[in-house]
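Whole structure, please, built from the sequences with the hints as guidance.
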Amino acid sequence: MTISIEILDRDDLDILKNIDPDVFDDPIDLPRAIEFLADPRHHLVVAIDNDLVIGFISAVHYVHPDKPVPELWINEVGVAATHQRQGIGKRLMNAVLEIGRDLGCEVAWVLTDRDNTAAMSLYASVGNSAATDHVMFSFDLIK
Numbered sequence: 001m002t003i004s005i006e007i008l009d010r011d012d013l014d015i016l017k018n019i020d021p022d023v024f025d026d027p028i029d030l031p032r033a034i035e036f037l038a039d040p041r042h043h044l045v046v047a048i049d050n051d052l053v054i055g056f057i058s059a060v061h062y063v064h065p066d067k068p069v070p071e072l073w074i075n076e077v078g079v080a081a082t083h084q085r086q087g088i089g090k091r092l093m094n095a096v097l098e099i100g101r102d103l104g105c106e107v108a109w110v111l112t113d114r115d116n117t118a119a120m121s122l123y124a125s126v127g128n129s130a131a132t133d134h135v136m137f138s139f140d141l142i143k
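In terms of the UniProt record's numbering, the sequence shown is residues 1 to 143.
Since the hints were derived computationally from the structure, they do not count as laboratory data.
Quick reminder that beta carbons are idealized off the backbone N, C-alpha and C, glycines included.
Some hints here could point you the wrong way.
Stated by the list, open to error - Label-pair ranges, simulated between beta-carbon atoms:
{"#": "1", "residue 1": "M120", "residue 2": "V63", "range": "24 to 30 Å"}
{"#": "2", "residue 1": "A38", "residue 2": "A118", "range": "30 to 36 Å"}
{"#": "3", "residue 1": "I3", "residue 2": "R114", "range": "28 to 34 Å"}
{"#": "4", "residue 1": "N50", "residue 2": "D140", "range": "20 to 26 Å"}
{"#": "5", "residue 1": "D9", "residue 2": "K90", "range": "20 to 26 Å"}
{"#": "6", "residue 1": "I5", "residue 2": "F139", "range": "29 to 35 Å"}
{"#": "7", "residue 1": "D9", "residue 2": "V63", "range": "19 to 25 Å"}
{"#": "8", "residue 1": "D26", "residue 2": "V63", "range": "26 to 32 Å"}
{"#": "9", "residue 1": "P65", "residue 2": "K17", "range": "36 to 42 Å"}
Quick look at the structure:
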């Protein structure tokens, strides 16, 4: 089994047409995928096994008016159940962290729930990580 790690761009939309249903939370929305891949601040890295996307990581690099360099926010990681615990998540993490380095980011960060043991293990395995006691609030914007 050879699994390739690919950094997608606007020309790679067809890759998102063959995805293991266990990878993303929901089916791919074509207009949103086009918008995402066209935005140079959005990053999507996928793991492919025999033309089937079996994992992904998405991230955004952003700037602040009070910070000298951009930061990389890692939004989400997903690996099909059939391919978990094979180091694919770590390969995806390393690929997206390299994107951040290439963009001049000095820090990358991600949030997860403490009880998400798979995520906690993955993030700790990549190194230089320190879990904190931050609290995330979510706001519904549709009334």
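- [ ] Any hints from earlier that this structure breaks? Give me their numbers in increasing order, please.
- [x] 4
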